[in-house]
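Given these sequences and hints, build the entire structure.
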Amino acid sequence: MSAGRTFKRGGVHPPGEKHRTAAVAVEDAPLPERLVVPVSQHIGAPARPVVKKGDRVLAGQVLAEAVGFVSVPVHAPTSGTVRRVDVAPHPMGTPQPAIEIEADGDDAWAEPLEPIPAPEAADPSVLRRRIQEAGIVGLGGATFPTHVKLSPPPEATIDAVILNGVECEPYLTADHRLMLEAAGEILAGLQIVLHLFGLERGWVGIEENKPDAIAEMGRRAGDGGWAEVVPLEIKYPQGAEKQLIQAVLGREVPSGALPMAVGAVVQNVATAAAIHAAVVRGRPLVERVVTVTGPGVREPKNLRFRVGTPVRHLVDRCGGLTGDVAKVVLGGPMMGLAQHTLDVPAIKGTSGVLCLTRDRVRTAPAGPCLRCGRCVDACPMGLEPTGIAAAIGADLVEEADRYHALDCIECGSCAYVCPAFIPLVQSIRYAKGRVLSWRRKRGR
Amino acid sequence: MSLEPRPLTLSSSPHAFAGDSTARIMWTVVAALAPATAWGIYAFGPRAAWVTALAVAGCAGFEAVFQRMRGRPVTVSDGSAVLTGLLLALNLPAASPWWLVVLGAAVAMGLGKHVFGGLGQNPFNPALVARVVLLVSFPVQMTTWSAPGSFLADGISGATPLGAAKTAVATAGVLGPAGHVDLWALALGAHGGSIGEVSAIALILGAAVLLWRRIIPWDIPAAFIGATLLVTGAVWELHPDRVLDPLAQILTGGLLLGALFMATDMVTSPLTRKGRWIFGLGCGVITAAIRLWGGYPEGVSFAILLMNACVPLIDRFTRPRKFGWVKEAAP
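For the protein sequence lines, the chains are A and B, in the order given.
Take the first sequence: its position 211, counting from 1, is numbered 211 in our numbering, and each next residue is one higher.
Take the second sequence: its position 149, counting from 1, is numbered 149 in our numbering, and each next residue is one higher.
Derived, one-sided and incomplete: chain A residues facing chain B with beta-carbon distance under 7 Å:
1) 252
2) 253
3) 362
4) 369
5) 370
6) 416
Simulated from the structure, these hints should not be mistaken for laboratory data.
Using N, Cα and C, we set each Cβ at its ideal position, and we do this for glycine too.
As structure tokens, this is what we get:
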């Protein structure tokens, strides 16, 4: 039995598949000739372009500015010339406005934002503004603007900050490598977040399949006890926000509420490192680490890339695709998005480029539900996925709502175990949309 | 430059899957019934093999016929009809005439399954529906038990131990010699009964594989067998001269076949653990009640069908607790 803490209900155990890249040090991807920088790389209002075709830009310069509070700017990932400001393919599926830059190869940097070498002495509001200015979003994949998450309303009391180093998605090792190679920066980022809330002590949750990261983060944190590294049982979705909070703190975030309802704030480890870079070095977020992996790519790697780099460029850097690739997913296999082309840019939220071969791609049609109950057992939210899917399949929106479709975190555990191959997540996602519009119509 | 195949597969997440499929589950259960089937054929002879083959072929055939009639793809290869056929055969006497078997297959696939919309939609276990229809329609043929081959156990009558006990109590008021059952003979399967219900050892062997593969849950059999033990045991304590002892109750009749392979049918049992306990306890209590006080010597089929009917209600009242719906925080 595992000694690690865990969430209480449900969960699945997909094979880790991390061996391909866990021991491969992060490598800098070379600059591509062209980069496509979408103005929407976060949840919230898309940024508004402030450059036009033909403009010369320097790395780190603002390309599009934040529109309102729940929005962040995007910055030029390298120096070059703006070639287009137009819609372009986007990892989310539908084309989105983007700024295309032809790199000049010099990678000349604009003046950084003013460094704040002693953040512990800085005013929290200055730090929050900096985090927004730097364009920082949650790098775990959800891409929620970080400064918003760090600005709870005055009535909320935050007493726990947790760094998410779980990386429970199979195949992905980007956070794992970062914890090994940049533990100091991650912990410095944690210190800044703790300072924002006037807290002395935080937690770092790491799944037990990364003993070296647990050791390294523990060693860097030292004996002071201010940062407790918490080993977590290997179980998916251990890194889902509500599940992580339950595992680490034993607190249950109420349905429909945010973690702040139980006094918790969770940040991904890469986000913490980005916060540190933005505050202490004045660097906006223009790069991140991605795991390019799967049986469909010749040399799986962890690559540090500039935002806007075409996925094709990253795959080429890893020896290219094998002959029998059938699916390319951005993110991990449980929650990632399948792409129809490699000509999409890798962006702030791109944690993985997963190349799956034909033998790992399911094309068999769905059969009828056997009522085996495996989805119910697997659901970490205590839902009945088959019930929601059946309800919305029969167009019973109110029934789907009564099954608590909106509580679904879309982790994929139900569809992972379904022996009838029913696309439960897809159904429930559809149900959520229908329930929301039905509720709006009813004025709730 | 990398050339990706066109088109790349597009589908909603997740993109990884556990290995099990409907067909794999069904065929695994079929395989797990092999020991009990083999024992039945060994004990009752070629006649049992003929009945088994006919029931399996009949169910597979009727599945195809009804799916054609409904304009649905024919999915005989998923093994579910084969499994129903096998379970039906194991619930029939080896001496069943051919028309009884064919009629049973038609009832199982028609009334038991396709009138409700096919796989996954049927509220009742199809094999049990067929068995009960045959039992109430053709009681003579359905209770004409052949004794296992004489090479096994000399002197065991063709009657089932439960049937013999019921008859003895009805005519003489006490069990008398019918109360003397050899538990080892029961466990091995050297007594009268349906083709697949006689050998406890063979049934448990197969069920162990399904438990290990997590294809059947342990809670339904545990609750079913436990409740039967408790109720029959309590009454046996009071009237040892009129009731077979609780161990014999477990080892005779269709109890193990029912508790391990029929009550655990995914389609017709509850979704949650709590629900499965209620379901199993209900099956056990009803089985015991029918055996002790009912007109039939055996009650497993009726008990499971009655509890099948309760499944929607049980599911409704045993929903899992939703994450984040703590009492004080619920809106």
